[in-house]
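A.B. asks: Those sequence lines, one after another, are chains A and B. Mapping the first sequence onto this note's numbering, position 268 (from 1) lands on 268, and the numbers just tick up by one. Mapping the second sequence onto this note's numbering, position 220 (from 1) lands on 520, and the numbers just tick up by one.
Treat the hints with care, as some may be off.
[To be verified] Calculated lysine-lysine pairs in the BS3-like style (CA-CA distance at most 27 Å, straight line):
{"no.": "1", "chain 1": "A", "residue 1": "Lys111", "chain 2": "A", "residue 2": "Lys48"}
{"no.": "2", "chain 1": "A", "residue 1": "Lys66", "chain 2": "A", "residue 2": "Lys111"}
{"no.": "3", "chain 1": "A", "residue 1": "Lys48", "chain 2": "A", "residue 2": "Lys66"}
{"no.": "4", "chain 1": "B", "residue 1": "Lys303", "chain 2": "A", "residue 2": "Lys196"}
{"no.": "5", "chain 1": "A", "residue 1": "Lys48", "chain 2": "A", "residue 2": "Lys36"}
{"no.": "6", "chain 1": "B", "residue 1": "Lys305", "chain 2": "A", "residue 2": "Lys196"}
[Claimed, not checked] Not everything, but these chain A residues come out facing chain B in the computed CB check (under 10 Å):
{"no.": "7", "residue": "Asn9"}
{"no.": "8", "residue": "Leu11"}
{"no.": "9", "residue": "Ile24"}
{"no.": "10", "residue": "Phe33"}
{"no.": "11", "residue": "Thr61"}
{"no.": "12", "residue": "Pro65"}
{"no.": "13", "residue": "Ser122"}
{"no.": "14", "residue": "Phe158"}
{"no.": "15", "residue": "Ala194"}
{"no.": "16", "residue": "Val218"}
{"no.": "17", "residue": "Met226"}
{"no.": "18", "residue": "Leu245"}
{"no.": "19", "residue": "Met269"}
{"no.": "20", "residue": "Gln285"}
[Stated by the list, open to error] Reference listing, derived: stretches of chain A covered by chain B, where coverage requires no fewer than 3 residues with Cβ under 8 Å from a Cβ of chain B:
{"no.": "21", "segment": "41-54"}
{"no.": "22", "segment": "95-105"}
{"no.": "23", "segment": "168-176"}
{"no.": "24", "segment": "179-193"}
{"no.": "25", "segment": "252-264"}
FYI, nobody ran anything at the bench for these hints, they're computed from the structure. Please read these numbers as outputs of a predicted model, since none were measured by experiment. Cβ coordinates follow ideal geometry from the N, Cα and C atoms, glycine included.
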Amino acid sequence: MSRPRHVRNALMTGVFSLAGWVAIVFIFLIFLFTFKETTVVLNVEHMKAFFLANPPVWQPTSDIPKLSLIPIILGTLKATVVGLLFACPVGVAAALFSSEFAPPRLREVIKPTIELLAGIPSVVMGFFALIVLATWLQDTFGFVYRLNAVNAGLALGFALVPIVYTISEDGLAAVPRAHREASYALGATRFQTAWKVVLPAAAPAVFASFVLAFGRAVGETMILLMAGGNAAITSFSLLDPLRTLSATIAAEMGEVVVGSEHYAALFFMGALLFVITFISNTVGQMVIRRMSRRMQGAAS
Amino acid sequence: MRKVKDRVFIALLGTSVLLILAILVVLIANIAYHGARQVTWEFITQPPRDGLMAGGIFPAIVGTAALVILMSVVAVPLGVATAIYLHEYTPAEGLTLAWRRFKASKGRPGRGRLLARAASALLATVTRSAVANLAGVPSIVFGLFGLGFFIQFIGRNIDRVTQPPGEVLWGQGSLLWAACTLALLTLPTVIVATEEALRTVPQDLREASLALGATQWETIRRVVLPGSLSGILTGAILGISRGAGEVAPILFTGAAYYLPYLPTDVTDQFMHLGYHVLILSTQSPDVEATKPLLYGTVFVLLALTFLLNIAGVLIRTRTRSRGSR
Numbered sequence: 001m002s003r004p005r006h007v008r009n010a011l012m013t014g015v016f017s018l019a020g021w022v023a024i025v026f027i028f029l030i031f032l033f034t035f036k037e038t039t040v041v042l043n044v045e046h047m048k049a050f051f052l053a054n055p056p057v058w059q060p061t062s063d064i065p066k067l068s069l070i071p072i073i074l075g076t077l078k079a080t081v082v083g084l085l086f087a088c089p090v091g092v093a094a095a096l097f098s099s100e101f102a103p104p105r106l107r108e109v110i111k112p113t114i115e116l117l118a119g120i121p122s123v124v125m126g127f128f129a130l131i132v133l134a135t136w137l138q139d140t141f142g143f144v145y146r147l148n149a150v151n152a153g154l155a156l157g158f159a160l161v162p163i164v165y166t167i168s169e170d171g172l173a174a175v176p177r178a179h180r181e182a183s184y185a186l187g188a189t190r191f192q193t194a195w196k197v198v199l200p201a202a203a204p205a206v207f208a209s210f211v212l213a214f215g216r217a218v219g220e221t222m223i224l225l226m227a228g229g230n231a232a233i234t235s236f237s238l239l240d241p242l243r244t245l246s247a248t249i250a251a252e253m254g255e256v257v258v259g260s261e262h263y264a265a266l267f268f269m270g271a272l273l274f275v276i277t278f279i280s281n282t283v284g285q286m287v288i289r290r291m292s293r294r295m296q297g298a299a300s
Numbered sequence: 301m302r303k304v305k306d307r308v309f310i311a312l313l314g315t316s317v318l319l320i321l322a323i324l325v326v327l328i329a330n331i332a333y334h335g336a337r338q339v340t341w342e343f344i345t346q347p348p349r350d351g352l353m354a355g356g357i358f359p360a361i362v363g364t365a366a367l368v369i370l371m372s373v374v375a376v377p378l379g380v381a382t383a384i385y386l387h388e389y390t391p392a393e394g395l396t397l398a399w400r401r402f403k404a405s406k407g408r409p410g411r412g413r414l415l416a417r418a419a420s421a422l423l424a425t426v427t428r429s430a431v432a433n434l435a436g437v438p439s440i441v442f443g444l445f446g447l448g449f450f451i452q453f454i455g456r457n458i459d460r461v462t463q464p465p466g467e468v469l470w471g472q473g474s475l476l477w478a479a480c481t482l483a484l485l486t487l488p489t490v491i492v493a494t495e496e497a498l499r500t501v502p503q504d505l506r507e508a509s510l511a512l513g514a515t516q517w518e519t520i521r522r523v524v525l526p527g528s529l530s531g532i533l534t535g536a537i538l539g540i541s542r543g544a545g546e547v548a549p550i551l552f553t554g555a556a557y558y559l560p561y562l563p564t565d566v567t568d569q570f571m572h573l574g575y576h577v578l579i580l581s582t583q584s585p586d587v588e589a590t591k592p593l594l595y596g597t598v599f600v601l602l603a604l605t606f607l608l609n610i611a612g613v614l615i616r617t618r619t620r621s622r623g624s625r
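This is chain A alone, in the form it adopts within the complex (with noise of 0.2 Å):
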């Protein structure tokens, strides 16, 4: 027994063991200077500032800074909500297409057709929206501005078809067969069977993919600070510009004093957008973990 051999091995070990913990560091660290940042602005006053100053208005570099994050919050909740009013109803139909439906051949072309979707740059999407896109919605539909809401959103929604796609797919595909056998057999159609016995029992997996799409449509940078219009305006209309709190960060990071209140402020967005993308996360993957377990116990 040569003693090099064992040394390696004892040391490669302890190697591959510290790789281990470099994604829990990681988490960790992102956690805790994304945080660190935003101290000036952690007190009372600061967040009665960013939720409840009225007028709400985001004006940080006027010479009263006015730091309202509500109409920010608000294009963020609106591009989102039109991203997900899109990717959701297409992707599930697009998965129940695929997975009960489509012969064989046919999910061939649509898989890859769909990562290749997936594989878009954002900021080609946004550019998309910005020059193409933008243009014929306005030409069609006479909308007053060019970048709003429904210019924005829509191309966050071809963003996000990919996502609720996959693991919707995923989940009907570990639907056991046994169900749509006895759904058969009791007389339903194709049809029926795909809705009312395929598509409710994969139910958690289409849940898991509507969160983890908005997690996403949440956090999207560049196709909102491209095709949103940046216009921090309070506004519940979907046809007026709007601004992110993703496209915030990226239009005011560059120019900010470090350590200033603005800076602050907008270290105090990322920290909001890694808190609410974390829980949107791990709730999704715990869904989607639970449900595999379930399919794998019932397919037994």
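Place chain B on chain A using the hints.
C.D. replies: Here is chain B on its own, set in the frame of chain A:
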């Protein structure tokens, strides 16, 4: 009647697939139609001129390539090591079972080992959920983290020790910090793909190697890694393709609006294709005049990411079909 209704509904579902397909086709066709004709030899080998209104995108191509290479140097070894830990060093039975076995072993010898197994399974579970969460952190938050951690914390502290007072070398945006930030973002992609690749290596091979007297590291080195190389490669390529298109993480960590020179050091700032697209489409004084350049840049960026993507998917499909044979 029921049959007809069935058909109508199924057709409706199929329409959504067509809609997705149509969006993709319109997007690609539009960019290819307007973009491909811009891509001349001059465009890809010349720097921008006249305040970004003319010339080419050579520095942005070089910057993107340098960034992506540096990023993979950081992300691939780290991601592969994490995946090896998760798949080769943690108990395959999972947390619940490992814990139950420990609890059921009351009074028997060798409980310490079972407890260690349970602890290791716990770490694996936490790491897995950390990886899943890392994958969901918004890219702009990675940018903030890169600014707050790599530049303001690590960079500034390196400067305090190595530079004369007042001099800033590491504590500012640079290729290195942008690459580290992006590496963090692509880490989950690499980890997940590598773990999937490790799973394709049959357990028998590992056991045969161990039975012949090889240590665990020798088994990984000579049996597991060679057997999963193409899967790891796929993960690396898909990660790189994702990283190449991301702009939000590099906004404050080193991307430059315009640089007359190419980056020569990891502390240099750099131009970037995606960032160039953002600048050309939002900061241009004359949108119509820059449109051709913009389309050309988008085309190059999209072609780059698609080629990487297709290469990754092709390698994966080939490995999968070989594995199932």
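A.B. asks: Now tell me if each hint is right for this structure.
C.D. replies: So, going through the hints one by one against the coordinates:
1. A:Lys111 with A:Lys48: Distance of about 48 Å is beyond 27 Å: violated.
2. A:Lys66 with A:Lys111: Violated, because 48 Å separates the two Cα atoms, which is more than 27 Å.
3. A:Lys48 with A:Lys66: holds, 11 Å
4. B:Lys303 with A:Lys196: holds, 16 Å
5. A:Lys48 with A:Lys36: The given pair, whose Cα atoms are some 20 Å apart, holds under the 27 Å limit.
6. B:Lys305 with A:Lys196: holds, 15 Å
7. Asn9: Constraint on Asn9 of chain A satisfied, holds at 4 Å.
8. Leu11: holds, 8 Å
9. Ile24: holds, 5 Å
10. Phe33: Holds, because the Cβ-Cβ distance from Phe33 of chain A to chain B comes to roughly 4 Å (cut-off 10 Å).
11. Thr61: Violated. Min distance 17 Å.
12. Pro65: violated, 20 Å
13. Ser122: holds, 7 Å
14. Phe158: holds, 6 Å
15. Ala194: Given a least distance of 8 Å, the restraint on Ala194 of chain A holds.
16. Val218: holds, 7 Å
17. Met226: Met226 of chain A check passes; min Cβ-Cβ to chain B is 6 Å, inside 10 Å.
18. Leu245: Cβ of Leu245 of chain A sits 8 Å from chain B, so the hint holds.
19. Met269: Holds - the Cβ of Met269 of chain A comes within 10 Å of chain B, reaching about 9 Å at its closest.
20. Gln285: holds, 5 Å
21. 41-54: violated (count 0)
22. 95-105: holds (count 5)
23. 168-176: violated (count 0)
24. 179-193: Satisfied; 4 residues make the cut.
25. 252-264: Coverage by chain B holds for the segment 252-264 of chain A (3 residues, Cβ < 8 Å).
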